[in-house]
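Asks: Listed below, chain by chain, are the residues.
There are 4 protein chains.
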Amino acid sequence: MKKILFQSDYNEGAHPAILEALVTTNMEQTPGYGEDTHCRHAAELIKEACQASDADVHFLVGGTQANVTVISSILRPHQGVVCAASGHIHVHETGAVEHGAHKVLALPQHDGKITAEQVDTFVSAHYADESTEHMVQPGMVYISFPTEFGTLYSRSELLALSHVCHKYDMPLFIDGARLGYGLQSSSCDITLPELATLADVFTIGGTKQGALFGEAVVIVSDRLKKDFRYHIKQNGGMLAKGRLLGIQFEVLFADDLYFRLARRADMQAQRIRQAFAAKGIPFLIDSPTNQQFPILDAPSLQQLALSFGFSLWEKVDDTHTAVRFCTSWATADEAVDTLCQAIAKL
Amino acid sequence: MKKILFQSDYNEGAHPAILEALVTTNMEQTPGYGEDTHCRHAAELIKEACQASDADVHFLVGGTQANVTVISSILRPHQGVVCAASGHIHVHETGAVEHGAHKVLALPQHDGKITAEQVDTFVSAHYADESTEHMVQPGMVYISFPTEFGTLYSRSELLALSHVCHKYDMPLFIDGARLGYGLQSSSCDITLPELATLADVFTIGGTKQGALFGEAVVIVSDRLKKDFRYHIKQNGGMLAKGRLLGIQFEVLFADDLYFRLARRADMQAQRIRQAFAAKGIPFLIDSPTNQQFPILDAPSLQQLALSFGFSLWEKVDDTHTAVRFCTSWATADEAVDTLCQAIAKL
Amino acid sequence: MKKILFQSDYNEGAHPAILEALVTTNMEQTPGYGEDTHCRHAAELIKEACQASDADVHFLVGGTQANVTVISSILRPHQGVVCAASGHIHVHETGAVEHGAHKVLALPQHDGKITAEQVDTFVSAHYADESTEHMVQPGMVYISFPTEFGTLYSRSELLALSHVCHKYDMPLFIDGARLGYGLQSSSCDITLPELATLADVFTIGGTKQGALFGEAVVIVSDRLKKDFRYHIKQNGGMLAKGRLLGIQFEVLFADDLYFRLARRADMQAQRIRQAFAAKGIPFLIDSPTNQQFPILDAPSLQQLALSFGFSLWEKVDDTHTAVRFCTSWATADEAVDTLCQAIAKL
Amino acid sequence: MKKILFQSDYNEGAHPAILEALVTTNMEQTPGYGEDTHCRHAAELIKEACQASDADVHFLVGGTQANVTVISSILRPHQGVVCAASGHIHVHETGAVEHGAHKVLALPQHDGKITAEQVDTFVSAHYADESTEHMVQPGMVYISFPTEFGTLYSRSELLALSHVCHKYDMPLFIDGARLGYGLQSSSCDITLPELATLADVFTIGGTKQGALFGEAVVIVSDRLKKDFRYHIKQNGGMLAKGRLLGIQFEVLFADDLYFRLARRADMQAQRIRQAFAAKGIPFLIDSPTNQQFPILDAPSLQQLALSFGFSLWEKVDDTHTAVRFCTSWATADEAVDTLCQAIAKL
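Protein chains in written order, with this note's numbering: chain A, -5 to 340; chain B, -5 to 340; chain C, -5 to 340; chain D, -5 to 340.
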């Protein structure tokens, strides 16, 4: 029997409505590089959803690409990007930020997050140091929402981060590769329009939330807008058939689909979470979104691995391993049922 | 009435067989990042077509990305890439190669091409110079096949280039963004397996030849293979749902489709070419592939612009402009008929 | 007998007054990194000489370092630096600018120079292009004064370049590695204070004009001043014992020494020039400064090479070679006498 | 009264013998860029001292420059350099390594050091990870000897590091900015020739040990030697009057001067250390070399600051600060006497 994969939120293709739109529009003739009507329309839909009519919206293929393009467009050479030590740009992008010639200034994380106070202490220490110019200048702050551990910043935490960023003239960049799962979580106390007032630039991930691929970059701050398309092209992110991105985001944002899919995935994840909790299985971290990190003993791990795919996250001790189960727009009720039954039998 | 676009070879979506395959496979669960069975199968098909069973095949989304990833993986910091002054990497990639910290060493082009003799003269002059180490060392050679002007290197020209590259220990990289159009041209005297013995690494373009997107990188030389996946990831080219690339190339290489589509587009281009020639309209360059560059006087240009889309290429004199018409897998017979009739009426 | 070297303007150590100052100050205790009183004093002297009291003055060790630090501090990632194809940064710095991730946008040179009209045409074509963002954006202009061929821009040429730079919001950077030789040439029609109003940033070379080493970077434009010391450090140009640079420039600018030395070297070069001209020997280029480029036939070249060192510049034809003779602060009258006699005997 | 500075080991100029040599050789005419007889001779002396007759020796101006040139010459783009979190390249070079496009892979330090075991664990974890290619590959190891805290690796620690480096095919680079102070310390159990068999490449610092400036790079491993001069030039480290470096190292290595000066400075530092210890003042770290890090309470700090210069290192608690006192070749007996008396009176 084929295993059911919960390894990631990109194990399947795209939501059927997206495929359908690609088929329907296939023989349309459009200009390339994102200068078509679909991209324009999708951008309008996103600006409406963000209540940010002055924002610039661009579409890129992947997350690493989007991160490095945004960061590279903002920083001057002597500046680095502040982030949590668990931040995706620090850990899992093969040094793409450094390949773009900038240091990642990693701060200790707690639940995948950093605090405004940490940032304030770090940046003020930089400017207070006798040899300031011998050190990389903090030039911007990167956070992910939800974090790599599925956790969420609260509204007040984001507000405080936004304040400290402005205090030191550092743009705040929110990596929203899984933004929908965050905003739709029952634990989330912030809306997309609110988030758009706190971030200077952020992404809305499509790849992990129903699209074949695609990340929307929303640039809120005027001073970050200039020449962004040059940066996209330079970083290899300008898709020849750019409309593919526009068409996908048109579908996702046309009818609240993006958020409906995320909400459902979050609920599936909560079902899985409860199944583990019911067995007294602890979690590496308390995640309210679509990623769950139970800590399994060796027999349980082996047992579940017979029928399910999931990611090994980290060794907790000699006999226990934290693993990751992800849900997505594509996770079927039956798949979760089967998993929960298997958990109950552990 | 809507204009018929001949602006580029990426004005439409994908060949229907590709869309169909994406729909069919949509709910399959696979691992990400190109480690799925579709990618493996597509790689096998390509190695067969190249008769290069030891080659490594990787799939990237776009051409600039593929170029910069290949180049960045090969060169040491003090080395540059030799190419024609008209080379895509020199002119139209927003300095992506330089953003990756390497100089493009541009040589004068003729019909979009450089010769082995030019390369030999240039490289031997470098090593003969008193201040060799004050100059960028030529580390590899980049050519495009067909070139940016639609022209082709002959077999003997490629053989000579390959020789001079080996003489100076410089890998030869062939950018095959439009490889099919080249190989299927009636003027082409080289086969894909032959090309695969002359290049150290080359690409097989999908984006302009029937795919939604995608470039296959074929690494022939053993010493260029190590750690290439790190470079893909670092350059933002590792697609989460990597199978999308595998599925597309499976379709293109399953049934000779890639070459059949290219052959047909080349023939459509020759029909257009003959229509211009029949009117005594000259060409900027003599192209045997899917791009045609007639030189139009102002009234003809205006007349054609009413019903057709095409690219302005360069001003030839005060009253004449070279323009570009492209055909592709998607060019309908009727579209070419309509264009040829309009040309006849100029 | 030892050959007399005219190979470069850095064949000897430093002017004795500089060595003396280094000896005198040797046991002073000062803070490092250019934050000592000598550096401050030298900066004041230079600002006075430039009549630019608001300028920032920094001291770096070498020319390539100064060029790359200035350029890297100015450009955004998608921008390149416009220069003559013969520009030092394009030809003889092992791609240091590209290693810093920027493209050098080389324009055809005439006598080592580019014109305001060339720049205007190039930049306006960039912005007019349909695919502007697919090309590197011209972000600044680099010229050398004197040029690599010893030639000079006239005041009106510089004025025009300055105008076109401002028109497109591109800083004008003048590489003054041999600035003194230029300003003291009898053909020069511009003063240092005038030059300081036309450039946004420029260097005053010490290495080739009497110092052991050292280039002063003069930043005139306010918007280029911020955080420059970070860039110096990042580019490896912050000398621990920074005072060594201050002390040397104090001596050079204390008593007009810098200009007196340059004037004398220019006169020695003119003597050499007249000796060649008197024999009917042609020149590759008409240089009014300390570098002379006679074109020698093979027997003359061999004859002179017995007793003198000079640089081979370029082959002119099968039997003639352009060579370079340099004078400097250290060129003795007797050395020039001996050379002129040898030339007369050819 | 002028304060006596113990702030750094580069508060003065150069040892008088070096100045004398510069004066004596001043009017010699030599070729530039390190291709003169002084550089060749100095390289020979260093190879003798290292008993490494096959090594390549190059001379660069400064430490950051030397570090970034060595690292940039070794790593491929997807690789990073492993070092202690306190390593100079990670903390105090304004991200020069990242500006050169490589990540610094910082490991937790103990007394400024990392262990072979740490490196082994880190690197084996990298290769064991499911998503290896999503992370920067460890490509080399950097340590400083002595460390930034003045501490020393023992012979067995170095041997173990060398082993683990070879196990993973990672060159070991030892930053010897203060190498002499390390080798001459009474706590040191390794000789220069032994060190030269364990490192693949290392530097011998001149700037902090009697020279005006200058770092010798000693390349032991054959495979790291190729084309190194290109890298020097590209990184702005090729001094036009390169002989200045050769002359200085000739003096330092001609008569054991380098080591005699270091030994004396170490002894002066031990006198200072004992003075603090005699008062029961604790140290941040137990340093056997020329840097001492006593922890002062506020009144003591204020008292000493009246007459002496020293560096503030880090706050230990609300009322205590660790500071740094450095000795050097230039530290006079009387200066240390005065300091010790002042300490005794605290």
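For the record, the hints were derived by calculation from the structure and aren't laboratory data.
Each hint should be verified, as a subset may be incorrect.
Identical copies go unnamed one by one, so any copy, or any two together, can satisfy a pair.
Stated by the list, open to error - Derived lysine-lysine pairs resembling DSS-like cross-links, with alpha carbons at most 30 Å apart:
hint, residue 1, residue 2
1, Lys161, Lys309
2, Lys161, Lys220
3, Lys161, Lys219
4, Lys41, Lys220
5, Lys339, Lys161
6, Lys273, Lys(-4)
Asks: Determine for every hint whether it applies to the structure shown.
Replies: Verification of the supplied hints:
Taking the shortest alpha-carbon separations for Lys161 and Lys309, only the inter-copy value of 24 Å comes in at or below 30 Å, while the best intra-copy value is 40 Å. In this assembly of identical chains, the alpha carbons of Lys161 and Lys220 lie at most 30 Å apart whether taken from the same copy (23 Å) or from different copies (18 Å). In this assembly of identical chains, the alpha carbons of Lys161 and Lys219 lie at most 30 Å apart whether taken from the same copy (21 Å) or from different copies (21 Å). Taking the closest pair of Cα atoms, Lys41 and Lys220 come within 30 Å of each other only inside a single copy of the chain (18 Å); across copies the shortest separation is 35 Å, beyond that limit.
In this assembly of identical chains, the alpha carbons of Lys339 and Lys161 never lie at most 30 Å apart, being 54 Å within a copy and 45 Å across copies at closest. Within a single copy, Lys273 and Lys(-4) get their C-alpha atoms as close as 25 Å, which meets the 30 Å cut-off; across copies the closest is 64 Å, which misses it.
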